[in-house]
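Oh and the sequence shown: position 212 is 211 in numbering that gives the first Met the number 0, straight run, nothing missing.
These are calculated hints, taken from the structure and not from any lab test.
The reader is advised that the hints may include incorrect statements.
When the alpha-carbon atoms are kept at most 25 Å apart in a straight line, the in silico SDA-like pairs for lysine to any residue are as follows [stated by the list, open to error]:
#	residue 1	residue 2
1	980	1025
2	865	438
3	648	634
4	170	634
5	853	832
6	438	107
7	426	95
8	780	95
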Amino acid sequence: MRPLKLTMTAFGPYKDKEIVDFSELKGHRLFVVSGNTGAGKTSIFDAICFALYGEASGEDRNDSRMLRSHFADDQVYTSVDFEFEIKGRTYRVFRQLAHVKAGNKGATGDRHELYGIAGGQEAPLTDRFIISQVDEKLREIIGLTKDQFGQIVMLPQGEFRKLLTSETENKEEILRRIFKTGLYKIVADHLNEKRKQMQQICVELAGIRDYHINNVKGSLSGREGSDLLQVFQQQHYNTYQVMEALDKEVDYYAEQIKQKKQQLQLEMAKYQENTTIYHQAQNVNEQFDLLDQKVTAKQQLIEQEQEFKQKTEQLSLAEQAVHLHVYERQNAEMIEELTRKTKLLEDSLFECLQAETALQTAAKKYAQEEGKAEEREQSVRELDRLQGFLPTVKELNEKQQLVLTLETDTVALSKQLRTVEAELEGKQSERLLTAAQVKELEDKVIHLPNKTEQLNLLRQQATQMQEYISLVQKSKKEQEEEKQHEWAFERTERSYSALENRWIGGQAGLLARHLHDGDSCPVCGSEDHPKKAVVTEDIPTKEELERLRGEKTALEKKYLEAKATLTATARQIQEKQHQVLEQGYSLEGIHEAYLALVQVGKALAEEVKSLRVDSEKLIPLKQSLQTLDSKLDEIRKHKESLANLFNDKKTIYATEKALYDQALSSLPEEVRSLEQLQVRIGEAEQRKMQLEAEWKKAQLQYQEGNERNIKAVAGRDNAESQKNEATANKEKALQSYIDALKQAGFKTEEVYKAAKMTDTAQAELKKQIEQYSTSLAAVSKQIEELSVTLAGKARQDLAVLKQSLQELEQYIESIRSHYIQAENSYDKGVDGKANIAEAENNWQQAEREYQLVKDLYDVVRGENGKKTSFERYLQIEFLEKIIYTANQRLLRMSDGQYYLVRSDRLEKRGKQSGLGFDVFDNYTGQLRDVKTLSGGEKFNASLCLALGMADVIQSYEGGISIETMFIDEGFGSLDEESLNKAIDTLIELQQSGRMIGVISHVQELKQAIPAILEVKKTREGYSYTNFCVS
């Protein structure tokens, strides 16, 4: 990056617009920025850094609001316009600070713009001129972050020597920001979280395994004498013991299932045989019951014989009456026909009377309407007169509607214009308030990353302390248990030894009882037995000895397990002690330190939570601010459009209103209104139509009345003829019906009607007679067959047979119950075994994975002899290269006396090491701390480090072009010889193509460098600049 032109307005000590044109250097690449203290030399560097990154160059000036000039007028905005060149391309960046003008509630004027310049033409390099897009594009162009820029391009006051003399943590943070090694710290944190997760998974899987073991214990450990019961009665047992005993338990229940199944099959065969006998006896008894029922049924049928003889005679009469139905129906039809014809004649006579009356009324109305001919002609003339005014009045009405529409539109536009103006004012106020809120939240949220990192560190420390405290408490409890198990074991061991000696002595006495002189001893082979053992009375049995040995073995196992557990806990305590000490805490008062740390962590967590809430609020507020800016532009355009439209509408309305008034005055008063004219025309049309309709109606009614009278007379004559014919037909049908009754043998019509039956009733009666005959024959045959079948048989006692079946059934259910219990226990054993095996396998696999993750985490976090994490290892590699490059210049500047060496000494309190600096003095042949160097020596070393870092970054970031360096630091601390060597170093850098700007008060430096940018103060207090090039 090479500066071309810097324009500062109301910036720092510069009141108005101040231009620094670097083209005035005329080819000089090395220049001095000179001026009195407070004149504004550093402000030039701040302006360049603000243009590129939106912040000043030093940490003590990182609040951009402090950059505004106190001398500036209220109406002048603070801004920086900076032109620069990178890799042959020219760019211009413009930044303007927002501030609250007098009379305003919020800050306004915030601007961020970036252009590319080619052929004298500027082109925007971002889609939108917003701070995020401009900052991102500038980082892409320059290739350096603000931190990197401050270490290798612009070296500000107070921060030049940080890399040389600061603590290890500060160096680590500097190298992390510059070389972006923070990723590996994130990896370590991720591995730590993974370690905790795997540890928790192991605990959970162990709990699942214990859960399945407890299930087996609850469901299968109740059988007396089982190995599984003995295992669970132990105070401590392992998974292998449970699985081995469970195998035996499953085998036991498998054998039980086999035995019960065979017994169940045998008893079921007996049950089937007895069931067959019972059903055979039951069938014989049912047949005897059926024979009794059939005998009773036959007797009931015989008793109904007389009733069915009467039903047979009734059916015969009904069949004879069927042939007379046709004569009866013809007689009824003729009576009905005579009734209809009589009614028709009566109706015809009434219609004749009505038709004659209507004809007389119609003739009278016809005469009246015929006399209104003149009145009908007058209504036609009145309608023609009124319709003659209609076209003119319609045209006038259209003009009136147009005028009313224009008037309504004008009023509406005026109202809309006032509404838009009010909305514009409201949105402007809302925009000012939102901008202030965004600024306030941005000032708060800027601290969130550091606070979050601090909180994570505190949580990690608190977790380690809590784990240490818990392990110490656990160790105390385990020590007590170990002592109890040791005491019990030693007591039992002493008892066993005494009992064993007694048993051995007793066995020797029993053996000696059978020894005689001359016989060989089965133990030693001697034939002489001078002193034989004596048999005691209380010799313990072999079983007593074995029982006590079992107790001793069990207690010894418990003691060893407790001892192993205590040892494992001690190792964990040692590990946690190391971690706690590494964090810088003392083990004394660790509980109080933990409580204090928790309180600090809670306060910090609340602060981080509040900042995260503010950060979440900031995003919608920024979006709202952008939306408000767009909305304000839209409202302003809408207001301008409405104002133009309102003026146009107002002019048109005035013109059309004048034309309407002129046309209205030319018409008579009574026809000016289209509505009234149309009403009058409608009334005239209605009157005309009414007169014509009444005339036509009178003509039609007279014609219809005449025709109706003629038809009524003809209908009356026809009805009289039809009635006479119907009377003759009726008499003829009646005589035929009487003759048929006599011929069929029915004395009267009542006898005939009593014998009549419907087809359905007749069929039903016939069906009943047939069913009776069939049922009687069937019952007789069934009685005969059952008598043959039951010959020689007798009824059986079913209660005795059923009792025997029930007793056998209960016995079978008892066997089945034991069989099902054995099956359930077998299934529980198989399932429990599978579940425990699976849980144990999962736990072992998780434990292996946990150990792998833990080992990897220890490697990455630096749990080694040198206390070097993986991130620190990479930073050391970068630092070694920086030191190597820096020493090439430092040896020349110190006449070979000094060169820098990276220190491997361990830091205090177990902190990570490897980033410290020592200096080797060739005059004394010894290493010493860089802090023992003089001020001038520190300046030389810091300058060489900065140049070395620039070379290393440029070698790793091939796309970065470092063509400029600004130094704002104390050359005044150097003696004449060191100053000359520093100047030679700067000239050497200049010859390599870099532009170098130095802020200094040293007269020798100004004399040695021909180009000077002078910064001077006026009597009013503000400053100005000018180049002096010799």
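Here is how each hint holds up against the structure:
Restraint check for residue 980 and residue 1025: not satisfied, since their Cα atoms lie roughly 28 Å apart, outside the 25 Å limit. Taken as a hint, the residue 865 and residue 438 pair is broken in the structure, with Cα atoms around 46 Å apart against an allowance of 25 Å. Note on residue 648 and residue 634: the hinted pairing holds, with a Cα-Cα distance of about 21 Å set against a maximum of 25 Å. Note on residue 170 and residue 634: the hinted pairing is violated, with a Cα-Cα distance of about 54 Å set against a maximum of 25 Å.
Between residue 853 and residue 832 the alpha-carbon distance is near 31 Å, which puts this suggested pair outside the 25 Å criterion. With a CA separation close to 11 Å, the supplied pair residue 438 and residue 107 stays within the 25 Å bound. Between the alpha carbons of residue 426 and residue 95 the distance comes to roughly 23 Å, so the proposed pair stays at or under 25 Å and holds. Among the hinted pairs, residue 780 with residue 95 is inconsistent with the structure: their alpha-carbon atoms are about 125 Å apart, more than 25 Å.
When each numbered hint is compared with the structure, violations occur for hints 1, 2, 4, 5 and 8.
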